[in-house]
Amino acid sequence: MLTAAAALLVGVLVLVRLSGAGQFTAALWEPFTYEGVQRRILTGVVDTLTAFALAAVLSLLLGLLLAGGTLARHRPVRVTATTVVAFLRAVPVLILVFTLYNLTALRLLLDRTGTTLSGHLGDAGTWAAVHVTDVTLWALVLGVALHNGAVQADILRSGIRAVPRGQVEAAHALGMSRTQTAWSVVLPQAVRAMLPSIVAQLAVTLKDTSLGFIIMYEELLYVGKLLAQNIATPRGYPYLPVLFVVGLLYVAMCLAISALARRLARRSTRAPNVSRDPEESRR
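Residues 1 to 283, numbered by the UniProt record's numbering, are exactly what the sequence shown covers, in order.
Simulated from the structure, these hints should not be mistaken for laboratory data. Source: prediction; values computed, not measured. Glycine included, every Cβ here is placed at the ideal spot set by N, Cα and C. Watch out, some of these pointers could steer you wrong.
FRET-style restraints, in silico, Cβ to Cβ [as the list claims (entries may be wrong)]:
1. Val91 - Leu174: 38 to 46 Å
2. Ala170 - Leu109: 20 to 28 Å
3. Arg78 - Leu42: 45 to 53 Å
4. Arg39 - Ser158: 24 to 32 Å
5. Val91 - Ala259: 25 to 33 Å
6. Ser158 - Ala5: 15 to 23 Å
7. Thr33 - Val77: 29 to 37 Å
8. Ala259 - Ser184: 52 to 60 Å
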């Protein structure tokens, strides 16, 4: 209680100080009414969501692969997967992003892929090559995906272990193979059980894309920095308003992810519409 009161007092003092410095005057907020500024912010949001979508898909796939590896029967596979997970979780995301950004092999691979696309797909290939050869995008995506994929692996492994052993044995008794049991029985229940943790980590993945700011990938935070540094008003540069707007947009995107996850959870737990008439069900 005392800590909360102290935090509230500090927050009030900060707001009073900022208000005294003129950070809440209308002049500093007026640039957000300009069409050019709004378009620039929208571009930053799109680039952020692009990086997030790619990193989220890759992290979930990597997490699934590593989770399976850590639970494998063969000891070499299990030890290797466990070591990779521990390593990727221990290395800071920023170091992964920086390493990939300065990796010559990644640049050569992206350049070669872009050349192949533009040579075989015409105009569409040229458009795709522009995005494929963007080193800042892929360094960010791969760095974020590697770290978050290791975290998702631990989450999925916990969910898989939580599935009752009896259900696995029942599936085997019905003649299902290990692969069929994993995909049809174990994995759906594991994902459903760990969905809140998976979604929470996806929100972390979204926020990790702000590290693109360091390598000059034009995501939302980097765009905010450019706007704050280049828009002069009679009351100075709008650093605080820009941070406020960028923060609200990140909160909105995280809430959208949570809302989507809740909707998927409701759909996955909804009982199927099964006919009560056996004859009708055979048709």
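Tested hints:
1. Take Val91 and Leu174: their Cβ atoms lie about 43 Å apart, and the range 38 to 46 Å holds.
2. Taken as a hint, the range 20 to 28 Å is violated for the pair Ala170 and Leu109, whose Cβ atoms sit roughly 46 Å apart.
3. Hint check: Arg78 to Leu42, Cβ distance near 46 Å, so the stated range 45 to 53 Å holds.
4. A beta carbon spacing of about 44 Å between Arg39 and Ser158 contradicts the range 24 to 32 Å that was offered as a hint.
5. Checking the proposed 25 to 33 Å range against Val91 and Ala259 shows it holds: the Cβ atoms sit about 32 Å from each other.
6. Between Ser158 and Ala5 the C-beta distance comes to about 37 Å, which lies outside the given range of 15 to 23 Å.
7. At roughly 58 Å, the beta carbons of Thr33 and Val77 sit outside the given window of 29 to 37 Å.
8. Evaluation of the 52 to 60 Å hint for Ala259 and Ser184 yields a failure: the beta carbon distance comes to about 28 Å.
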